[in-house]
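Undergrad: Put together the whole structure using the sequences plus the hints.
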Amino acid sequence: MSNTSMSNTAISNNTLTVVDREGATHDLEWEPDQSMMEALRDNDLPVLASCGGTASCATCHVFLEQEVFDTLEERSEDELELLVEAKGYRECGSRLSCQVGFSRDLNGATVTLAPEE
Amino acid sequence: MAIQDPVVIVGSGHSGVAVAAGLRTRGWGGGILLIDAENELPYERPPLSKELLKDGAPDESAVLRKEKFYADKGIGRLAGVTAESIDRNGRTVLLSNGTRQAYHRLVIATGTRARPLTVPGAGLAGVRSLRTRGDALELKQLLVPGARVAIIGAGYIGLEVAAAAAAKGCEVTVLEFQDRVMSRVTSAPVSRHFEQLHERHGVRFVFGAAVTSIDGGRRAERVTLADGTVLPADVVLAGIGVIPNQELAAGAGIDCRDGILVDGDGRTSDPAVYASGDVTRFTSPIDGASQRLECIQNALAQADCVAAHIAGQVAAEPEIPWFWTVQHGVRLQTAGVRHPEDQVIVRGEPSGGKFSVVYLRDGRLAAVDTIANLSDFRTAKRLIGHGAWIDPLLAADPGIPLAEAISGTPNHSDADLTAARS
Chain A
1 MSNTSMSNTA
11 ISNNTLTVVD
21 REGATHDLEW
31 EPDQSMMEAL
41 RDNDLPVLAS
51 CGGTASCATC
61 HVFLEQEVFD
71 TLEERSEDEL
81 ELLVEAKGYR
91 ECGSRLSCQV
101 GFSRDLNGAT
111 VTLAPEE
Chain B
1 MAIQDPVVIV
11 GSGHSGVAVA
21 AGLRTRGWGG
31 GILLIDAENE
41 LPYERPPLSK
51 ELLKDGAPDE
61 SAVLRKEKFY
71 ADKGIGRLAG
81 VTAESIDRNG
91 RTVLLSNGTR
101 QAYHRLVIAT
111 GTRARPLTVP
121 GAGLAGVRSL
131 RTRGDALELK
141 QLLVPGARVA
151 IIGAGYIGLE
161 VAAAAAAKGC
171 EVTVLEFQDR
181 VMSRVTSAPV
191 SRHFEQLHER
201 HGVRFVFGAA
211 VTSIDGGRRA
221 ERVTLADGTV
231 LPADVVLAGI
241 GVIPNQELAA
251 GAGIDCRDGI
261 LVDGDGRTSD
271 PAVYASGDVT
281 RFTSPIDGAS
291 QRLECIQNAL
301 AQADCVAAHI
311 AGQVAAEPEI
321 PWFWTVQHGV
331 RLQTAGVRHP
341 EDQVIVRGEP
351 SGGKFSVVYL
361 RDGRLAAVDT
371 IANLSDFRTA
381 KRLIGHGAWI
391 DPLLAADPGI
401 PLAEAISGTP
411 NHSDADLTAA
421 RS
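Residue numbers (my numbering), protein chains in the order written: chain A, 1 to 117; chain B, 1 to 422.
Check each hint, because a few of them may be wrong.
[To be verified] Quick list of in silico lysine to any residue cross-link-like pairs, SDA-like style, CA-CA up to 25 Å:
| # | chain 1 | residue 1 | chain 2 | residue 2 |
| --- | --- | --- | --- | --- |
| 1 | B | K354 | A | E91 |
| 2 | B | K66 | A | S35 |
| 3 | B | K50 | B | H328 |
| 4 | A | K87 | A | T54 |
| 5 | B | K140 | A | G53 |
| 6 | B | K354 | A | E74 |
| 7 | B | K354 | A | V84 |
| 8 | B | K68 | A | T17 |
| 9 | A | K87 | B | G399 |
| 10 | B | K54 | B | H201 |
| 11 | B | K140 | B | E199 |
| 12 | A | K87 | B | K68 |
| 13 | B | K168 | B | P47 |
| 14 | B | K68 | A | D20 |
| 15 | B | K73 | A | P46 |
| 16 | A | K87 | B | K66 |
| 17 | B | K354 | A | S76 |
| 18 | B | K73 | A | T15 |
| 19 | A | K87 | B | V314 |
| 20 | B | K68 | A | T54 |
| 21 | B | K54 | A | G52 |
| 22 | B | K73 | A | D20 |
| 23 | B | K73 | A | F102 |
[Unchecked claim] To spell it out: a stretch of chain B is covered by chain A in this simulated footprint if at least three of its residues, at any positions, have a beta carbon under 8 Å from a beta carbon of chain A; those stretches are:
| # | stretch |
| --- | --- |
| 24 | 294 to 308 |
| 25 | 319 to 327 |
| 26 | 373 to 380 |
Hints listed in this document are in silico derivations from the structure and should not be mistaken for laboratory results. Computed from a predicted model, the values in this text were never measured in an experiment. Glycine included, C-beta positions come from ideal geometry on N, C-alpha and C.
TA: Written out as structure tokens, the structure reads:
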């Protein structure tokens, strides 16, 4: 898995710690023009994102820590409908990563990939 | 076998790019070269007939991967270049820039093109089809307030453009040969629902319409139908289906039949040549039907099969095929491939704006259409994958969760039932 260098370009990027489905952790850089899903996918994490980020498929489902989750805007009706039926849904914590935009507040956050269906 | 030659991927749509990315994810250490007929970064297709056409929407459409991604992954790109022919014995492909590119494995992911109108006048200015970003931007320019827009074909593309045009203040008429919209992909209750939705937004329909000519001076001015009806039209959009871009394969003697024939690993009749995405025809693992699927789910699933096979690995279990469209802000999501003879059960009241239609085949859930109802979509996708038997009476009651309408799974074991429901 990619573990991008933290030098030079890191100034404007966030870092994310990702826990994959085997429990292994990966540190990656999240660039400001990426959604969280794009950051995961472009760093080789197994996120299918088969709808391209339009909140249609739930293949980019992740769990966020409560304190991170609480800083985000509420989930849209579509996102919630997809998540509620998803495997391992957490009322506090489940997000479609395609709906989580870049924010400085999320620097250093830990993201856990939800189980595959 | 010259492993130093790259995997050459012809076509940089969703499937071609996913093959390239998937090879790297799967640890492929050899070269990868993407051939792209267009001259820009590969981009998302779904927004072209939706968001991109909207007033005030930026002309850029989302790219599939950022430029840096290709560089970081060591994926070479040749943009503005097409593949002209394959020398299968020499394992080379002749490119439009005159060079000959050797390959270790060749992947054809050339997609489809819009089926062209063949009636007189189809070449007049103002007559358009929609497939590429360039097509979308040209069409966007024509959709101005008051423009009279005739759309031939009431499939996804025609209806999505109808919605965009109506929202921009165009006078929109949809001409459809069948007696309802989206007749190829959905049942009558869903068709009627979308017809009414469009009519509420000012779109007119003419069903049973056979276009015989488009007339005008230099530009389209009117459309004539077989029954003599003449409609004034400044813009004519043909949304009458697609043709697989199989010529590269067919010209090299690779088996094609309305699509390049591939096996479950994405291999063509030449073991060194794969094909992936909309251009392929394959046997459905679910019902044994020969099919061509035009959807991103299939483009990505086949790409994974190809990448896995080339890398000597096992592909991931694919999702059930699924499709979506958005018209006037209303989302239709379909999972599974419906057959016209399936039993049709409407869940909920269409007039309420949120309902589902489930399709049973021999008692099993075969497909579903959900209208503004993503929770049924998710559940149904899972149940279709399990081959679940459904009780029609329970399924017809929207107050009962769809997962509670299961009457059995193929093995009938309690464990299977529990797995399907959860």
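Undergrad: Going through the numbered hints above, which ones does this structure break? Give me the numbers in ascending order.
TA: 12, 16
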